[in-house]
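Peer 1: Sequence:
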Amino acid sequence: MRAALDRYPDSPRLRKAVATLEGESIDVLRVSDYNTKGLAGSESIADSGSVLTALTRGSGVSVGKTDAGGSFGIGKSVGILSSLVRTEFWTTRTPGSDETVFAGCTQLTTHRTPGSHDPRQLLGPMGTYTMISDTQDYHYLRDPEPLGPFTQRTEPGTDVYIVGYSAAPDDPGLEQVRDAMIDNFMAAIMRGHLVVEGMTDKGRWRLASDNLKHAIDSIPDPERRTVMQAFHNALLQTPIVRKDSRLGEMKLYINVDDALPRKLNTVVMRKPLMKVHTYTNTSIAAKYAAVLECSSPEGNRILRGMEPVRHDDWQAARDKENGKAVLRSIKKFILEELRSRVRRELGDEITIKGLNTLLPAELQIDGNPDRHGVRPTNGPGSERESASLQGRETDPEPVSNTGGKSVSIALTKPAVADDSGESVSTGRQRGGETKRGKHAAGISALGRSGDGDSVIDGGSLSMRYWFDARSGDYILVLRSRTGGTEKGALRLTAALDGAFGNYTPPVEEAADISGTAPRRLNVKEGAISNVKVTGKHPTRLRVRIKGGIRLQLGVK
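Take the sequence shown: its letter number 505 is residue 505 in full-length UniProt numbering, and every next letter is one higher.
Mixed in with the good hints, there may be bad ones.
Computed list of lysine-lysine pairs in DSBU-like fashion (alpha-carbon distance at most 35 Å, straight line) [what the hints assert, rightly or not]:
id, residue 1, residue 2
1, 243, 320
2, 536, 275
3, 546, 536
4, 271, 536
5, 263, 532
6, 275, 324
7, 243, 287
8, 487, 263
9, 243, 324
10, 287, 263
11, 332, 263
12, 320, 251
13, 546, 532
14, 271, 532
15, 536, 524
16, 287, 271
17, 332, 275
18, 287, 331
19, 213, 487
20, 487, 532
21, 331, 536
22, 275, 263
23, 275, 37
24, 320, 332
25, 487, 536
26, 532, 243
27, 213, 243
28, 213, 332
29, 271, 320
30, 275, 331
31, 287, 251
32, 487, 275
33, 287, 546
34, 536, 251
35, 202, 213
36, 324, 287
Treat the hints as calculated values from the structure; they're not laboratory data.
Let the sequences and hints guide you as you build the complete structure.
Peer 2: Printed below as a string of structure tokens:
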């Protein structure tokens, strides 16, 4: 390292590398896998098909089965680039073997041979840990002692040691690594195919199927947390399955949720259940998160061959025979099913020509201040309503059309009693009387004691609803926030004078319309009994309120 710096003394990277090696301690990240096969083959030059050689000395090569999750010879560069000293070590053990192999690699710059003053005696940039007495072949170390404080490898699998881990100061607890594992391997963790543990001197964490949801809910960054929750909810839904002549079985998981901050698009993956790419659909205006999975043997093989070395896309040019047809089939499947789901849950979309000329110039569309409804031509515009059209027509904006039957109203937060965030409670629960007078508008109020049935906690549900003008009923779409099944009585509340309180709307009738045939639900004292909301798909209720009045509803 010092020889490389002597040749290039102005290199900041080499100066940093030397300072790191000369420090009192050095950060090392070990990444270990278990219940795997290790790196087969030998380090000998004669073993051209060795995956051990491909990883430790290969460059831009791919060795392994065509249906594997990845290949070797490419992943080495990730560790090298993450090392301040451009050094990476490996220990590996294969099933049935009684020895552990140690290998190492350093990537520096071309430099003068240490101890030589001849400028012609140069060493190349790549260095390999081997027995230097044999100049004709490579010999790696066998059964090494433990490296620093790390335990010795005694079972099949591989350890990767990144020496001088560059992200250690910014991520001492490996929380960024944890969040990246959730982002890229969520489906594999959910199904119990992968367990990830992180251990540092700051503490430890674990990701598994039994605690994944809690880990997602604990992500400190609110935007990242919302995104991960949306895709987690998508994977809890019942998948849409389609058979393809080339790819075999494809599955699509869709979570349509207008409470999302934006459209999150469709993540695609194959058999290893690792996120490969994200497909966007500009023709879908609704907010959703979706996951496409193709785990069939034939589909996994074709899609594996269409991935570049980074495994972050499916490229048609990599498969001249199937590439274009495969991508066309995948994108068609995603688009058709997204349109169908959005139409079923949110209604059709139509374009109202000239609508934008009626909107104020300062009105923001989708929260984007650069997309105004009007491009004024006779002044800066105003938010004040005008009796005449102002400005010239611009590109039309799609709006939701419910066929004249309903108006979609989004409820993004559960009802709370006051600004402190306390849950809504009844007057009787707070020591009040069991009866109250009529509402000022003549709406009957209910406050009698219940019958002892369990009540679903409003904080465990999300609700979207609209009023069906033709039938005079409310349509409620309920989802489980916990991912589990919520059962019991559903108690609704309504906002009076713009604020939610203890008012219980007078519910007359209710039915579960999630299935092919409506299921009538009992209504007792304004509470809807026997409601069941699973974590896999939303529950749809049809609710009639006395007098057909329109209210802003919430869940207690």
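Peer 1: Can you name, in rising order, the numbers of the hints this structure does not satisfy?
Peer 2: none
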